[in-house]
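Novice: Chain by chain, the residues run as shown.
Protein chains: 2
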Amino acid sequence: MSYNLAIVGSTGIVGKELINLLEDSNIKIKNLTLFASEKSVGKKIIFRKKSHLIQSLNLQAFKDVDFVFFAANSEISKKYIPKLKNSKMYIIDLSSAFRENKDIPLIIPEINSQVLNTNKSNIIASPNCTTTIMLMAIHNLHKTFKIKRIVAATYQAASGGGKKLMDKLLFDTKNQLRNPKSQDNLYGFNLFLHESKLNELKYSEEEMKMLLEAQKILDDRNIKITTTCVRVPVLRAHSIALNVEFEKTFSIELIYKILKKSKNVKILEDFKNNKFITPQIASFQKDVFVSRIRQDISNPKAIDMWVCADQVLKGASLNAFQIFETIIKEHLI
Amino acid sequence: MSYNLAIVGSTGIVGKELINLLEDSNIKIKNLTLFASEKSVGKKIIFRKKSHLIQSLNLQAFKDVDFVFFAANSEISKKYIPKLKNSKMYIIDLSSAFRENKDIPLIIPEINSQVLNTNKSNIIASPNCTTTIMLMAIHNLHKTFKIKRIVAATYQAASGGGKKLMDKLLFDTKNQLRNPKSQDNLYGFNLFLHESKLNELKYSEEEMKMLLEAQKILDDRNIKITTTCVRVPVLRAHSIALNVEFEKTFSIELIYKILKKSKNVKILEDFKNNKFITPQIASFQKDVFVSRIRQDISNPKAIDMWVCADQVLKGASLNAFQIFETIIKEHLI
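Protein chains in written order, with this note's numbering: chain G, 1274 to 1606; chain B, 1274 to 1606.
The following block holds chain G by itself, in its conformation from the complex (with noise of 0.2 Å):
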């Protein structure tokens, strides 16, 4: 088989690396169609030794697409995804535009890929990347232990907001440099709670999401979390400090065993010379890592532990890619 893709959002971080995946794939590709803001339209793009013009978004264009990823920000999704609704091909949206909508499946292939079995809705959302790298870490100790509540603090990278905000820590990184005593370069040695907006009940877009999709996504809406969303002065990867707490008895051997098990997660730690995962470390790569397990000393039925993951792979591009490859292997085409 061989297919039409399209990508909307093509020049961004994130729509980059879905081009750098499907690249590298085993998969034929017939078409690849790539749309891109204005600013961008009439670039070429080279994919498999071939040159491909970057497009304006326009719906005549999507006529023989099997799969189209969005890539862009939900507005865009908001506004197009509704009208490409009827048609056959499917349609892979990595924005929050539609992940909580009760008729669509959010997938993390790793965790919920079953659900694609059931729910034949051609629109797929991919997950928050925070969210996904924390249920990464988590969802095998959930089915074993029953997660009962989750306390989380992040280290949020610039990329989760796009090509503008890493620009933005380099360029204010540089300001601090030179002027060590300024208070007006917001990302330069500096880190400031998520950006996204806040509800009434003062919690960010960001936190809640960590917290809805999850539900969602675990098929549990009796799983509490709180969180606190940073954006720290790194560049690609993010970090998570997680306080989990179980239902049932659990002993930290056997969460080792679990995790050494689950798929695309990998321990990486290293007591005796104290190296445990870094932001730098996961970058560019396709694990979710986990570190520092331990038994919290303040709660028999809760572990700490520290989880590292590249934002733009498996936060975002890596993990549509892998429902696009789901759905082929599921032969769901």
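What the hints contain is simulated information worked out from the structure, not anything from laboratory work.
Remember, it's a predicted structure, so these values are computed and weren't measured experimentally.
All the given hints hold, so there is nothing to weed out.
Because identical chains cannot be distinguished in the list, a pair is counted as satisfied if it fits within a single copy or across any two copies.
In silico PhoX-like pairs for lysine-lysine, Cα to Cα no more than 25 Å straight-line:
1) Lys1530 to Lys1475
2) Lys1574 to Lys1475
3) Lys1475 to Lys1419
4) Lys1454 to Lys1548
5) Lys1289 to Lys1336
6) Lys1497 to Lys1574
7) Lys1447 to Lys1548
8) Lys1536 to Lys1521
9) Lys1536 to Lys1419
10) Lys1521 to Lys1574
11) Lys1475 to Lys1533
12) Lys1574 to Lys1419
13) Lys1437 to Lys1548
14) Lys1548 to Lys1436
15) Lys1545 to Lys1441
16) Lys1454 to Lys1559
17) Lys1421 to Lys1521
18) Lys1351 to Lys1375
19) Lys1323 to Lys1289
20) Lys1497 to Lys1521
21) Lys1336 to Lys1393
22) Lys1470 to Lys1539
23) Lys1475 to Lys1534
24) Lys1475 to Lys1521
Using the hints provided, position chain B relative to the given structure of chain G.
Specialist: For chain B alone, coordinates are given in the frame of chain G:
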């Protein structure tokens, strides 16, 4: 009254800041004796318009000293303080050497200066920086609602590791800017779990200090704390994401009221514009800042809050200076 003072570690970041605080105070100082390691011996520091020669640490030089600040490392404190114990001078130790010794008061003046009235030890310890900052934010809440358990994640600045770590942050950042894909610049746009030694429970020394010192200062061995301590690429202010569970019923309104009345604590938040305290704003400030105080949606008995403060000031030099001030004001000398 006029006093003879000495500072051990006078050329470090904390020692320098201590000299600034003394310079700006109204306290009369007869002599100021400055000690530092060999590489600084012979250099001069101007204090209150007079030149002061830096000496190498020697017991003879302590002859008429009324107060000495130990602002070097805990090895220096462990080596010299026992030899000075039987003198009449007050020894204010900023290192961790004696903090957990039950005969030695561990003081944050805003919280437990009353201990100085009953415990007549001439050695007084100033707490760990992160512990001080956390306790400044919560001690009055503990008094009113009794804290049961804290889950904390820290975002600690380089200054906690001294000038050496600050220089490493700047050096590694510049290297990373030149070579963005390098994985050799540990601290360039990167963060890592706190570098202090791990115990058999897999907790770092820094994490254990937050528990043990908090229990001692709050005089409550029942309070439970689990922490993940992380170094972030920030120069000199620490941040902490705190989840605090209370025994008694509380209201967010009452919590605000208590925090507003807390001495040297400032609430800095602007929900309308989504602006909260950052380490950059907290840097070079004497107050401890709290922000985004929320009812925890995962536990009706808990709140989440975000705390930032200057590590070099309230985290170290300022607290030691306040201990000195308290002893003078309370006529303990």
